[in-house]
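Undergrad: Start from the sequences and build out the full structure, keeping to the hints where you can.
Number of protein chains: 2
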Amino acid sequence: MATNPAPKRPRIVIIGCGFGGLEAARALRGATVAITLVDRTNHHLFQPLLYQVATAGLSAPAIAAPIRHLFRQQANVTTLLAQVKRIEPALRRVLLSDGSALGYDHLVVAAGSTHSYFGRDDWAPFAPGLKTLDDAFEIRRRILLAFEAAERETDPDKRAALLNFVVVGAGPTGVEMAGTIAEIARHTLPGEFRNIDPASARIVLLEGGARVLQAMPEHLSQRALEQLHKLGVEVRLNARVAAIDAHGLEVQSGDGSASANTNSYRIASPCIVWAAGVAASPLGKQLAQESGATVDRAGRIVVQPDLSIDGHPEISVIGDLAAAQSHVPGRAPTAVPGVSPAAKQMGRCTAANILRRLNAQAGIPFRYRDYGNLATIGRNSAVVDLVSPLGPLHFSGRLAWLFWLFAHIYFLIGFRNRLVVLLDWGWAYWSFARYARVVTGITPIPPVDRQIDT
Amino acid sequence: MATNPAPKRPRIVIIGCGFGGLEAARALRGATVAITLVDRTNHHLFQPLLYQVATAGLSAPAIAAPIRHLFRQQANVTTLLAQVKRIEPALRRVLLSDGSALGYDHLVVAAGSTHSYFGRDDWAPFAPGLKTLDDAFEIRRRILLAFEAAERETDPDKRAALLNFVVVGAGPTGVEMAGTIAEIARHTLPGEFRNIDPASARIVLLEGGARVLQAMPEHLSQRALEQLHKLGVEVRLNARVAAIDAHGLEVQSGDGSASANTNSYRIASPCIVWAAGVAASPLGKQLAQESGATVDRAGRIVVQPDLSIDGHPEISVIGDLAAAQSHVPGRAPTAVPGVSPAAKQMGRCTAANILRRLNAQAGIPFRYRDYGNLATIGRNSAVVDLVSPLGPLHFSGRLAWLFWLFAHIYFLIGFRNRLVVLLDWGWAYWSFARYARVVTGITPIPPVDRQIDT
Chain A
1 MATNPAPKRP RIVIIGCGFG GLEAARALRG ATVAITLVDR TNHHLFQPLL
51 YQVATAGLSA PAIAAPIRHL FRQQANVTTL LAQVKRIEPA LRRVLLSDGS
101 ALGYDHLVVA AGSTHSYFGR DDWAPFAPGL KTLDDAFEIR RRILLAFEAA
151 ERETDPDKRA ALLNFVVVGA GPTGVEMAGT IAEIARHTLP GEFRNIDPAS
201 ARIVLLEGGA RVLQAMPEHL SQRALEQLHK LGVEVRLNAR VAAIDAHGLE
251 VQSGDGSASA NTNSYRIASP CIVWAAGVAA SPLGKQLAQE SGATVDRAGR
301 IVVQPDLSID GHPEISVIGD LAAAQSHVPG RAPTAVPGVS PAAKQMGRCT
351 AANILRRLNA QAGIPFRYRD YGNLATIGRN SAVVDLVSPL GPLHFSGRLA
401 WLFWLFAHIY FLIGFRNRLV VLLDWGWAYW SFARYARVVT GITPIPPVDR
451 QIDT
Chain B
1 MATNPAPKRP RIVIIGCGFG GLEAARALRG ATVAITLVDR TNHHLFQPLL
51 YQVATAGLSA PAIAAPIRHL FRQQANVTTL LAQVKRIEPA LRRVLLSDGS
101 ALGYDHLVVA AGSTHSYFGR DDWAPFAPGL KTLDDAFEIR RRILLAFEAA
151 ERETDPDKRA ALLNFVVVGA GPTGVEMAGT IAEIARHTLP GEFRNIDPAS
201 ARIVLLEGGA RVLQAMPEHL SQRALEQLHK LGVEVRLNAR VAAIDAHGLE
251 VQSGDGSASA NTNSYRIASP CIVWAAGVAA SPLGKQLAQE SGATVDRAGR
301 IVVQPDLSID GHPEISVIGD LAAAQSHVPG RAPTAVPGVS PAAKQMGRCT
351 AANILRRLNA QAGIPFRYRD YGNLATIGRN SAVVDLVSPL GPLHFSGRLA
401 WLFWLFAHIY FLIGFRNRLV VLLDWGWAYW SFARYARVVT GITPIPPVDR
451 QIDT
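From first to last, the protein sequence lines are chains A and B.
Taking this note's numbering, the leading residue of the first sequence gets 1, the next gets one more, and so forth.
Taking this note's numbering, the leading residue of the second sequence gets 1, the next gets one more, and so forth.
Hint data in this document are derived by calculation from the structure and do not stem from the laboratory.
It is possible that part of the hints are untrue.
Treat identical chains as interchangeable: a pair holds within one or across any two.
As the list claims (entries may be wrong) - Dumping the calculated SDA-like pairs for lysine to any residue here, alpha-carbon to alpha-carbon at most 20 Å:
| id | residue 1 | residue 2 |
| --- | --- | --- |
| 1 | K285 | R120 |
| 2 | K85 | E138 |
| 3 | K158 | L96 |
| 4 | K285 | R297 |
| 5 | K8 | R194 |
| 6 | K230 | D370 |
| 7 | K158 | A90 |
| 8 | K285 | H69 |
| 9 | K131 | P190 |
| 10 | K158 | S100 |
| 11 | K285 | P313 |
| 12 | K158 | S113 |
TA: See the structure below:
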């Protein structure tokens with residue numbers, strides 16, 4: 001009764017289960033392959049709503065789905081919770097931090113990005129960024145504990161300093177964070193404190209460039225700026241951070257026109273959020289060293305049109321870790337932005353190219369379809385910049401906010417989460433309450449200087 | 001235009017916002033007093049459902065309400081997030097860990113209880129108990145990461161050991177934990193792993209006494225035992241823990257009849273939950289030393305019939321920290337059990353007695369009204385022991401489970417939370433899915449011995 005053993009299935013290892021890795025694994029459903037999906041967390045995180053966890057509007061499980069639950073019905077996927085230590089392209093294997101190794105016939109590296117402090121990693125403890133759930137909990141803790149510390153503080157100067165909130169960087173995350181902190185201070189907390197007025201909190205949004213939301217058309221930046229002002233956010237453009245410590249930060253500001261107009265000042269604050277820069281996962285550098293791939297200034301791996309690495313057709317790099325270009329026949333290639341729709345599209349493209357390669361076909365070049373850009377500022381305010389067949393479509397205000405809301409809920413993974421998020425938001429909208437105001441652990445609020453901001 | 005200053009309001013300080021402290025503060029609504037409510041967390045925790053957070057069925061915000069939000073409309077309450085360092089009865093003040101002091105005219109100590117390892121505090125890192133949200137996250141992490149580690153493990157013995165779960169203590173919490181871990185293993189996770197069968201997990205419930213749920217009538221203990229067996233929980237009665245380390249625990253077991261029948265064995269396990277004992281908050285001991293109050297063997301303060309301390313009518317102790325008696329005219333006093341309805345009733349009694357004391361009236365003795373006892377074991381199984389005017393009412397199984405469910409949802413604080421919990425459970429009931437399977441941080445699973453359990 002002995003038969004020949006079944007031909008061994010090609011082993012595909014995918015590192016990272018963000019938007020790129022998730023989509024690549026999904027697009028391989030039905031393929032006769034053995035996929036191992038490695039992530040150092042047990043959940044796929046819907047990062048566009050992470051700021052809501054940081055600002056106590058959503059609980060963590062509402063935007064985090066267990067990876068192995070998502071793939072329970074896709075039998076060709078094995079999920080491993082593990083940290084990747086290094087990639088060995090010469091041996092075609094991935095080393096995990098527990099010492100074990102995963103061999104592969106094709107490798108997809110979708111390890112994403114982390115914060116960049118532009119070489120000042122010593123600022124990290126004083127100004128956490130927002131990439132993981134742990135980051136979100138830490139920022140939530142700092143926001144809520146700052147109000148708690150101010151309620152206990154009897155010195156008026158110290159109390160005022162405790163109510164300074166600073167967000168560095170006015171990209172989508174920075175704008176969302178600043179707008180939502182302002183909402184908490186002006187709408188959620190008033191009436192709950194006896195010694196302070198939470199509405200007196202200062203929310204400062206610092207931006208190194210000349211406008212907020214620089215990826216957006218200029219008039220939408222202007223709209224966003226107006227909406228931020230309406231929420232009571234102090235926006236400081238052309239303002240660069242010179243130093244951050246446990247008590248606050250130093251800002252150098254100029255109007256951008258003449259260097260003589262530069263001045264420098266200090267803002268005391270116990271709660272600084274870093275939304276200024278991202279850097280590719282360190283895995284990129286390690287892989288580039290061993291594979292001979294090129295790395296760009298941001299640490300991303302420069303990929304071929306089919307998203308593989310030069311000289312290594314069996315390795316694809318996708319998502320924020322890839323410096324990819326979009327290829328449209330008859331046009332010059334254009335750079336692909338580091339946004340989640342691009343990561344998803346790269347996931348699908350790389351899955352198709354893996355299957356083509358297994359069939360000895362040449363890969364197809366990646367083409368990025370840009371559907372536009374959204375950013376929300378707070379309750380009833382957002383800006384939308386859509387690419388439509390009829391030309392660009394721009395709008396802002398309440399309609400844009402509703403569009404943003406339903407687009408985000410639509411793209412949330414899994415019906416359960418969509419329902420929960422919709423209910424949480426419905427509740428928050430009508431009551432102004434924020435549901436997830438839980439702080440766990442006991443973390444002392446860092447001491448704060450007297451307010452010497454000028 | 002100068003007028004006499006308004007008479008100063010009596011200052012009431014309440015330490016702890018569990019069931020007792022919350023109820024005391026609420027019962028003083030409308031009183032002309034200045035209440036300061038101090039808690040070291042920012043939330044009131046609905047502890048009866050904490051095991052659901054630990055077993056990934058509920059998110060933390062579903063059972064934790066921000067204290068200052070609960071009291072936003074009660075103007076005589078100031079909420080402080082602070083840790084109490086010590087009580088100074090001679091100076092009538094409470095010292096906080098930030099060095100500040102709160103003077104009081106009346107003090108209510110409702111600091112609750114913590115785990116007791118019966119003098120073996122060195123076991124704590126290997127067998128966390130379940131009192132706070134942080135405890136619940138730690139236990140959730142250990143349960144879920146044990147399955148993850150087993151999926152990665154290739155050695156069959158080690159893999160089996162990783163799937164051993166041990167709960168120590170078969171009171172209500174231990175029974176709930178063991179039943180729910182069994183549900184996760186048998187119903188939630190199967191189909192999601194490729195290298196292990198989660199349903200093969202062993203769930204062991206160790207109990208030092210001769211039956212589970214010893215506070216219940218004997219035949220209900222028997223019903224609970226049967227329901228545990230049906231869920232696949234191994235219940236070991238008359239089993240005492242002799243040692244716990246990072247790799248597992250040593251058990252001494254006998255049938256309780258003859259010492260010759262005692263034997264000793266080891267269970268290897270990465271996930272041990274401690275549900276065996278509680279001890280009064282250490283604040284009790286400190287207060288007793290300075291006030292001359294008596295402390296019982298469990299570290300609780302022996303209180304007067306009106307819940308004050310002997311010689312200190314201006315200090316009340318309520319909830320789990322109080323060794324209180326119930327006084328019914330014409331009957332001998334009976335001990336009050338450490339359950340949440342008793343804490344709430346003490347909170348209301350002490351509020352009434354504070355108002356009487358401010359009016360120079362004598363306090364009324366505390367009378368505990370026992371409405372009965374509930375415990376759930378898992379899906380569709382619970383035991384109910386009600387005290388009714390018609391005599392005791394006992395039932396078990398699905399009806400008891402529904403009763404338990406609605407009783408718990410009814411007592412949850414705030415409509416928002418009730419709705420969320422009901423939806424989460426409705427979803428979990430129909431889908432067998434568990435919503436909150438998020439593990440944050442990266443905690444290595446402790447190494448596990450080969451399974452040498454005999």
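Undergrad: Does each hint fit the structure? Answer for all of them.
TA: Going down the list of hints, with the structure as the test:
When the C-alpha separation of K285 and R120 is checked against a cutoff of 20 Å, the pair qualifies only within one copy, where the shortest distance is 19 Å, while the shortest distance between copies is 48 Å. Neither within a single protomer nor between protomers do K85 and E138 lie at most 20 Å apart by alpha-carbon distance, with minima of 26 Å and 25 Å respectively. Taking the shortest alpha-carbon separations for K158 and L96, only the inter-copy value of 18 Å comes in at or below 20 Å, while the best intra-copy value is 48 Å. Only within a single protomer do K285 and R297 lie at most 20 Å apart by alpha-carbon distance; the minimum there is 11 Å, versus 61 Å between protomers.
Taking the closest pair of Cα atoms, K8 and R194 come within 20 Å of each other only across two copies (17 Å); inside a single copy the shortest separation is 69 Å, beyond that limit. Taking the shortest Cα distances, K230 and D370 never come within 20 Å of each other, neither inside one copy (30 Å) nor across copies (55 Å). Within a single copy, K158 and A90 get their C-alpha atoms no closer than 58 Å, and across copies no closer than 32 Å, so neither meets the 20 Å cut-off. Taking the shortest alpha-carbon separations for K285 and H69, neither the intra-copy value of 32 Å nor the inter-copy value of 48 Å comes in at or below 20 Å.
When the C-alpha separation of K131 and P190 is checked against a cutoff of 20 Å, the pair qualifies neither within a copy, at 29 Å, nor between copies, at 31 Å. Taking CA atoms no more than 20 Å apart as the test, K158 paired with S100 passes between copies only; the shortest distance there is 15 Å, against 52 Å inside one copy. In this assembly of identical chains, the alpha carbons of K285 and P313 lie at most 20 Å apart only when taken from the same copy (18 Å versus 70 Å across copies). Taking CA atoms no more than 20 Å apart as the test, K158 paired with S113 passes in neither setting, with 37 Å inside one copy and 35 Å between copies.
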